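Enquirer: Given chain L, put chains F, E and D in place with the hints provided.
Chains as they are written, first to last, in our numbering: chain L, 61 to 473; chain F, 61 to 473; chain E, 61 to 473; chain D, 61 to 473.
Keep in mind that the hints are not guaranteed to be accurate.
It does not matter which identical chain is meant; a pair holds if it fits inside one copy or across any two.
Said to hold, decoys possible - Here are the simulated DSSO-like pairs of lysine-lysine, each with C-alpha atoms no more than 27 Å apart in a straight line:
| hint | residue 1 | residue 2 |
| --- | --- | --- |
| 1 | Lys102 | Lys378 |
| 2 | Lys430 | Lys305 |
| 3 | Lys447 | Lys265 |
| 4 | Lys102 | Lys288 |
| 5 | Lys288 | Lys69 |
| 6 | Lys372 | Lys102 |
| 7 | Lys208 | Lys443 |
| 8 | Lys102 | Lys69 |
| 9 | Lys447 | Lys69 |
| 10 | Lys447 | Lys288 |
| 11 | Lys463 | Lys69 |
| 12 | Lys430 | Lys256 |
| 13 | Lys197 | Lys378 |
| 14 | Lys139 | Lys211 |
| 15 | Lys265 | Lys211 |
| 16 | Lys256 | Lys438 |
| 17 | Lys139 | Lys256 |
| 18 | Lys211 | Lys447 |
| 19 | Lys403 | Lys208 |
| 20 | Lys197 | Lys211 |
| 21 | Lys139 | Lys447 |
| 22 | Lys378 | Lys403 |
| 23 | Lys470 | Lys197 |
| 24 | Lys443 | Lys305 |
In case anyone wonders, no lab produced these hints; they're calculated from the structure.
Quick caveat, the model's predicted, so the values are computed rather than measured.
Protein chains: 4
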Amino acid sequence: MQTPINKRKIFNDPVYGFITIRHEVIYDLIEHRYFQRLRRIKQLGMSHYVYPGAYHTRFHHALGALHLTQLALDELCAKGHDITAEEQEAVCIGILLHDIGHGPFSHALERCLAPGISHEFLSELIMDSLNTEFKGKLTLAIEIFQGKYHKQFLQKLISSQLDMDRLDYLVRDSFYTGVQEGSIGFDRIIKMLEVKNDELVIEAKGIYSVEKFLVARRLMYWQVYLHKTVLCAEQMMVKVLLRAKELAVAGADLFATPSFRYFLYTDVQREEFDSPYSDALEQYLRMDDNDIMASVKQWVYHDDVVLRRLCKGLVERKLYRVELFNEPISDLHVMELREKAQKQFAVSDHELDYLVLQGSTSNSAYNMDKGNINILFKDGTLKDVAKASDQLNIQYLSTPVVKYYVCYPKESN
Amino acid sequence: MQTPINKRKIFNDPVYGFITIRHEVIYDLIEHRYFQRLRRIKQLGMSHYVYPGAYHTRFHHALGALHLTQLALDELCAKGHDITAEEQEAVCIGILLHDIGHGPFSHALERCLAPGISHEFLSELIMDSLNTEFKGKLTLAIEIFQGKYHKQFLQKLISSQLDMDRLDYLVRDSFYTGVQEGSIGFDRIIKMLEVKNDELVIEAKGIYSVEKFLVARRLMYWQVYLHKTVLCAEQMMVKVLLRAKELAVAGADLFATPSFRYFLYTDVQREEFDSPYSDALEQYLRMDDNDIMASVKQWVYHDDVVLRRLCKGLVERKLYRVELFNEPISDLHVMELREKAQKQFAVSDHELDYLVLQGSTSNSAYNMDKGNINILFKDGTLKDVAKASDQLNIQYLSTPVVKYYVCYPKESN
Amino acid sequence: MQTPINKRKIFNDPVYGFITIRHEVIYDLIEHRYFQRLRRIKQLGMSHYVYPGAYHTRFHHALGALHLTQLALDELCAKGHDITAEEQEAVCIGILLHDIGHGPFSHALERCLAPGISHEFLSELIMDSLNTEFKGKLTLAIEIFQGKYHKQFLQKLISSQLDMDRLDYLVRDSFYTGVQEGSIGFDRIIKMLEVKNDELVIEAKGIYSVEKFLVARRLMYWQVYLHKTVLCAEQMMVKVLLRAKELAVAGADLFATPSFRYFLYTDVQREEFDSPYSDALEQYLRMDDNDIMASVKQWVYHDDVVLRRLCKGLVERKLYRVELFNEPISDLHVMELREKAQKQFAVSDHELDYLVLQGSTSNSAYNMDKGNINILFKDGTLKDVAKASDQLNIQYLSTPVVKYYVCYPKESN
Amino acid sequence: MQTPINKRKIFNDPVYGFITIRHEVIYDLIEHRYFQRLRRIKQLGMSHYVYPGAYHTRFHHALGALHLTQLALDELCAKGHDITAEEQEAVCIGILLHDIGHGPFSHALERCLAPGISHEFLSELIMDSLNTEFKGKLTLAIEIFQGKYHKQFLQKLISSQLDMDRLDYLVRDSFYTGVQEGSIGFDRIIKMLEVKNDELVIEAKGIYSVEKFLVARRLMYWQVYLHKTVLCAEQMMVKVLLRAKELAVAGADLFATPSFRYFLYTDVQREEFDSPYSDALEQYLRMDDNDIMASVKQWVYHDDVVLRRLCKGLVERKLYRVELFNEPISDLHVMELREKAQKQFAVSDHELDYLVLQGSTSNSAYNMDKGNINILFKDGTLKDVAKASDQLNIQYLSTPVVKYYVCYPKESN
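Same shape as in the complex, but just chain L (with noise of 0.2 Å):
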């Protein structure tokens, strides 16, 4: 009398509890190695230098926003709106898929490694080759998540300013980091979601937690995401990929895994992935963490001192000295720091640009542009939630704050 084990599998996860998949076409999805290569990508890439219990992955991730997506859409059916068992399985696969095309270190490997390929790009690459592998099974998913089903609503689950990506990276991240602060009520949001107008809305009295959720997320950003010394580590990321390239179009010989070392050694282009059995897209897909570090890890001994001391930082957590500034840096600062380090290291003009990292970065608690999150009201009224506040400057929120950083190497190491 008991359902197959196949349809009724159950993760643990010390976030949620269990996590019940529901789904046969979800389950084969998740054995698929496509989706178990997100086993071997950290969520939070270079993070766990300061937070050094982030170590989940991109595979948690994407079970917990598929958990989230299946509580959203059980109070949305209780609440007496229609949403089909279809439609239900679409929209799950739909975030189950979300961040399929991530590879290693994201962030540093598609401004550096095959400029121009996003892996949000990769990831509608990847769907429709599931979707041809899985039979046509994924087509309603990919509608949905291109936002080209006419039940608008469903895709906000999976992208907007509240979806359950968010909601679950939130939670998840500040759970493996330890920053409590980050938090939010989750379950408290998701029983207040309600649909208005083929919106995602909240309801007026979920107004608070949306408030804190914005600000739970303003914080795990500076705290977190973008802390002075994460950022360091991935600017340090960045710069060792840049000079790994360099030199390999120079013609040195640098150790790598032979996928890494396609994408290090040829110049790959858009194009080159259009097929879904493409060469680029086949090596893309066998890349993971260990690529990454397995060769950066032997770069501490290559000969070429820029490349040596950039890993050397990665490895050994030696990281560059930050600074972290609330206006732009003085060009005078600059060049003083790139003296010292001409001094200490004796290197060229062009060498100089991966010892003496100079950047901004930038965030808005909220976008008033995209996505917004509008708050339903007793009488049926719908407000932005940046104008919904009685007292918390929302609108405040959604000024992107800018802070400028230089990083340079200590003296000591």
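Expert: Frame of chain L; chains F, E and D shown alone:
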């Protein structure tokens, strides 16, 4: 070799794990009947009508605030600030006794039974009385408590916008109500405490935690402390007490426990409390939630229709209906409600004031005028958090939010 | 399009997050004054003297057990078992009302004020009364509750060694006392539930969870429910009630709330409860913790030295000293303690029984004779958990542990 | 006035909140590349295949064990035991480095790549090497670690059946796997620590916590560490390494990172590690999870059918099917499985040993022969916990449980 048990008492606390009592005098104060009485006074009065987990007591809150104070003192000492053992003990006594003057359902009681006699006034009176009994051992504690001691920052641990009282009650109330979004990063805030110019301040990197604290506090106010149903229950209790006193003065017979009767049938003046051994004080200290509830329960069967309806409301949770508005309520609307109630209950105009309750409530998340929160920057400068935040407009949070309510009996009961 | 609010009531629960009420009749039962009364009866009577967080109520426990029952029913349905909507509602009613007959400090009360009248007897009486009031809507629930329904496994959810009552009280009591070691994996146990031969059983892979549950339960018994200080307080309460009744019968004047007075001054017989509208039942249903405590507090000032000492002990937490032994206590030792107490208090031999309290308590973690826990193996066979465990000797856990205690006043107070 | 940042480093820990580093030498050891390397070695090797949250590292575990050791030392000092500042620092160093010798997937590695070279042996070697580098600052720590110091109880904090290593790994592994039932009351156990006759013991009132600890540990073994799927994955990794080495010895070309290649292609003898600056040790210390996984991933495309199947199994989570029994498996059954596999893969008899894996595993919850747990009664007597428990038959828990497994490829992949 073991320290006598008396000196190392440990309390289990679901919130913090274990609370260790370090000072013998603290232990003796906890054992005193004045303090034991706080075991029978709920911290959140009426909130359990909405949050059925919220039965924690003032006793437990006082222990919790003591625990956080000990952690804060440890932190400040570890940072090199000189705080003597005597001062530490005194601050601990101060926080332990900061609410010792609270009676049952204080907010209702203070306004009705002994008008003009605040719990703050009573706290100081009781501390004096205890000091006599403890032969002066509380002298320094009282000095600090009253802000008369030369190290001002010590008092700020007991009373300011970021004192250990607030930290504990937010953590504890959010824990027991289950409103997890009200939780704050108390441990991180404590790690960020510093002293500068004899002020208690927060290190700059703790600014997001302070923002989060203010938003969480705001959420707790509107979602718990001033939740419209809680508000309604509190107003009904106020009216119960006013009506009972009115009837008592008029000579009616009302069941009440002896101490409660004392306050019902006597017109107690502030002067009567003056001596620490006054009859008024003794009766006050014998009263707790049981006295009020045991009496109110009986009044469900009283002849007076108004008292009966109010008491039945509290005992059987047949609360009035509440309407909450952001603007003052129109006289017309109130008049209509009064008319309906008059028809339903056949009461006089004066009695209608017990059936249709009207008023306003307000809260500001941050107060720019008193006990400010100052942020300490690396260059040694201090800034009010309202000005230090780079984005969250805390100045806005300091504007009081006012809400207007009207409560009235449902027709069905 | 939204379901009427009445049908989707949500309670905040610090333990489970949210508890959703799914059936209208459940909602109406919760609103009934018989059930609301459970808000004023502490689940753990005296345990808060040791664990100051333990003020949770029977009201909250009943909601929690309801929640777990709903989860268990969901799980069994998902596994393909056929449970009709009517049956589900009935099981939910059964678990909601399983403890409706409890009075304040039940264990003390049952033995003293109305001997021979158990809370189980009263529960059934009250259910009958409610069934009349609810026009037969509880009939199926009562049938299941009494084990008269043909699907026996439904009753096991309400009453067996692994019922939802136990699951909730262990989780909840460990949560509120802060004895985290008493926590159990309720969610995993529920996921492992199965039905076989009309029995509620546990899948084989859940066996470690059951072992853990039994050990946690054992720990909760000795560390919380039968903690020696809790035991002492309970015995003191028993003696308070016995003494008060003795004095009342002898014609002494005792302050008491009217309902409590009814039981103090009347010799209530079981027959008097017989009708659902009996005076005895009505008085019983008006009583709660407030009646007892408001009265006990007054008796601190009574003339009777014995009553005074006992009540002062409970009110000011000047509890007796307790000694706990694994073997029966020697008469000699007890005699010495009685002599000392007689000198201290100058009381008669009869009165000494109120000052030196003696007795035994026992518990077994598992009971092999009643409501057994059966394990379901993959080949379809069932085994009692006591025999199924490959190592933990659960048969041992079924031997009752007996402990002997004696309590007596400390000399200092 | 603030202590230099270097001395008061704080780590965020999702498990304990904050971990404070108190000693400068500890800080410097954490910064050392030998220790930083533990960031890239998962604590639970293969368990994430079953528990997708279990990616925590040996780095984090070492910090956690350090934290608990500091708490335990505080507790013992507070109880009046004399432990000098030097001794405290030394114990902290000892616990921090207790696992420093672990390599990636240690259990597999030790048996295959460098047989006879245990991580314990390597830990001591590395500690010696660090001691030289730190100019003797680790001498006392090593003495304590090796049990040569006259205060024996200090070593028991690092290594016994209730040491801080076990406490942390049970807490941490249960946290990250989400197997909440494996959680233990570490804080209560630490509060119950005492020293008697130079032994580390537990106060009698902590006995239930010890029972709970043993049962939780047993549960963690069978549910996590020896979970049949985890077991299977580990055996597959063992076979991968054995096959790879076999192929390497036979002259096949295998992609591998340089350090890993060193161990694949060299027959490393124990003597070669002897000097702290040996090439063998240096190569060992350069290896981590990335080396193994980056290589294994590549072998999915190797010519050898056996290696290919095994590696594909690990990389794409196409694990073998596992059968687990309480008795030895019949030869007949294994023969049948081998025949089937031979048909499917067309391999030699020798190669079949890589496809049908057979063996046994065992665990006892308590070991009566080594590092016993003694309970201290109020009269000063000590008893082994196995005899002190009044009911739970811990002697039973000390009988090892043996389970027999056979793993083999599913037909479908």
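Enquirer: What label fits Lys288 with Lys69 when the C-alpha limit is 27 Å: within, between, both, or neither?
Expert: between (40 Å within a copy, 16 Å between copies)
Enquirer: State whether the alpha carbon distance between Lys197 and Lys378 is at most 27 Å within one copy, between copies, both, or neither.
Expert: between (49 Å within a copy, 23 Å between copies)
Enquirer: Treating 27 Å as the Cα threshold, decide for Lys102 and Lys378: within, between, both or neither.
Expert: both (21 Å within a copy, 21 Å between copies)
Enquirer: Using 27 Å as the alpha-carbon threshold, which applies to Lys372 and Lys102: within, between, both, or neither?
Expert: both (20 Å within a copy, 21 Å between copies)
Enquirer: Within, between, both or neither: how does the pair Lys211, Lys447 come out at a Cα-Cα threshold of 27 Å?
Expert: For Lys211 and Lys447, only the intra-copy Cα distance (26 Å) is at most 27 Å; the inter-copy one is 44 Å.
Enquirer: If the cut is 27 Å between Cα atoms, do Lys102 and Lys288 qualify within a copy, between copies, both or neither?
Expert: both (19 Å within a copy, 26 Å between copies)
Enquirer: Indicate which option fits the pair Lys197, Lys211 if close means a Cα-Cα distance not exceeding 27 Å: within, between, both or neither.
Expert: within (19 Å within a copy, 41 Å between copies)
Enquirer: How would you classify Lys265 and Lys211 at a CA-CA limit of 27 Å: within, between, both, or neither?
Expert: Cα proximity of Lys265 and Lys211: one copy only (25 Å, versus 42 Å across).
Enquirer: Please work out whether the CA atoms of Lys470 and Lys197 approach to 27 Å or closer within one copy, between two copies, in both situations, or in neither?
Expert: between (55 Å within a copy, 26 Å between copies)
Enquirer: Given a CA cutoff of 27 Å, do Lys378 and Lys403 count as a within-copy pair, a between-copy pair, both, or neither?
Expert: within (19 Å within a copy, 54 Å between copies)
Enquirer: Checking Lys430 and Lys305: alpha-carbon separation at most 27 Å within a copy, between copies, both or neither?
Expert: The answer is neither: 36 Å in one copy and 56 Å across copies each exceed 27 Å.
Enquirer: If the cutoff is 27 Å on CA atoms, where do Lys139 and Lys256 land: within, between, both or neither? Let me know, please.
Expert: Within one copy only: 12 Å inside, 35 Å across.
Hints 2, 9, 19, 24, counting from the list given before, are not met by this structure.
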